[in-house]
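In order, the protein sequences belong to chains C and F.
Using the working numbering, the letters of the first sequence map in sequence onto residues 35 to 208.
Using the working numbering, the letters of the second sequence map in sequence onto residues 720 to 848.
Hints in this document: simulated from the structure, not taken from any laboratory.
All values derive from a computational prediction rather than experimental measurement.
Do not rely on the hints blindly, as some may be mistaken.
What the hints assert, rightly or not - A short, non-exhaustive set of chain C residues, derived as facing chain F with CB atoms under 7 Å:
#1 Leu102
#2 Leu105
#3 Phe106
#4 Leu108
#5 Leu109
#6 Thr110
#7 Gly116
#8 Phe117
#9 Arg138
#10 Thr160
#11 Ser163
#12 Val171
#13 Pro176
#14 Leu179
#15 Leu192
#16 Ala195
Claimed, not checked - According to the in silico footprint, chain C covers these stretches of chain F (three or more CB under 8 Å from chain C):
#17 771-783
#18 795-802
Said to hold, decoys possible - Quick list of simulated restraints, FRET-style, between CB atoms:
#19 C/Arg202 to F/Gly785: 39 to 47 Å
#20 F/Pro806 to C/Asn139: 39 to 47 Å
#21 F/Ile801 to C/Val135: 44 to 52 Å
#22 C/His63 to F/Asp784: 29 to 37 Å
#23 C/Leu132 to F/Phe781: 16 to 24 Å
#24 F/Arg802 to C/His63: 30 to 38 Å
#25 F/Gln788 to C/Gly167: 53 to 61 Å
#26 F/Leu732 to C/Val171: 26 to 34 Å
#27 F/Asp776 to C/Arg194: 17 to 25 Å
#28 F/Trp733 to C/Asn139: 51 to 59 Å
#29 F/Phe781 to C/Pro198: 53 to 61 Å
#30 F/Leu732 to C/Gly167: 16 to 24 Å
#31 F/Arg802 to C/Ile203: 23 to 31 Å
#32 C/Gly112 to F/Arg802: 47 to 55 Å
For every residue, glycine included, the Cβ atom is placed at its ideal position computed from N, Cα and C.
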Amino acid sequence: MDKIKYGARRLAVMGMMLAMIAVLSALEHSLPPIPFLPPNVRLGLSNIITMYAFFFMGPRPALLLTVLKSLFVLLTRGFNAGFLSLCGGLLSVFVILLLVVLSRNRCSYLILSIAGAICHNLGQITGASFLLGTPLVLYYLPVSLVFGVLAGAVTGALLRAVMPLFDRIFDKWG
Amino acid sequence: MSQKLQFIKKKDLWIISGLLAAAFFMLAVLMPGSAKNAGCYAEIYYDGKLAATAYLDEPRIFSIDGLPQVVFEVKDGAIAFIRSDCPDRICVNTGRLDRAGQLAACLPNRVSLRITGGHDDGGVDVVAR
């Protein structure tokens, strides 16, 4: 059973989550790039919320949040950024879903978070290759694996840390 | 989907090590020679087509046809985007490239820069288009 039922409460929770995603994504984008890393490498803090939505409300709300987040990026940062956000987000949600289903719920949060981060990268690189008309995927694959593992571990640990808090907030609401 | 999963399992460490090992293996194949490769040249792709090549040992500042707002500079055996009108400047911030396999791209202007050539970059030649 989904923890949060359909209806007004669910709508309110989704709206709140989308607001958190927007804030985290804007915040992360306004921070200076992480030193010693390529300038387009970011942690993907807002994915924490999407993952929480995925695990506690199901894949469909997570998918909806992903699409809405891309719309927010499209509005605030333009077509390219929005398109890449959509590519990364969709691939990431689909692969996490695939892993959960294939492993019959036996993957840990950490692995799912890492898989999500890697696929977010790969989706963006694929989208970028498409926009550029030049294949980049092979060149960036090793780098995105390494940074995906790092970013996935960090966001997974953060998710783990805020989970009890979120549970309290959303339990009270839902 | 609401039952709690474990945060980490012992098996995870193997998966992570496997991923990292694969990544480093690919890095070793795709980017041979961590030293600067003499005789490398940069290929500049605009809209998916090769628009210019530049040898890294011939210092110059240039733009490609049809894209005067993006400026490249070759200096001290490295090439960099030094100016672009794009909003995020990821291309400029990528900095100087001097090794085979390195890559910088400017999505808004649909232009990418890739270092190829050098002496032993057989791995890069394998990439099919």
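Could you work out which of the previously given hints the structure breaks and list their numbers from low to high? Per hint list: 1, 2, 3, 4, 5, 6, 7, 8, 9, 10, 11, 12, 15, 16, 17, 18, 19, 23, 24, 25, 27, 28, 30, 31, 32 violated.
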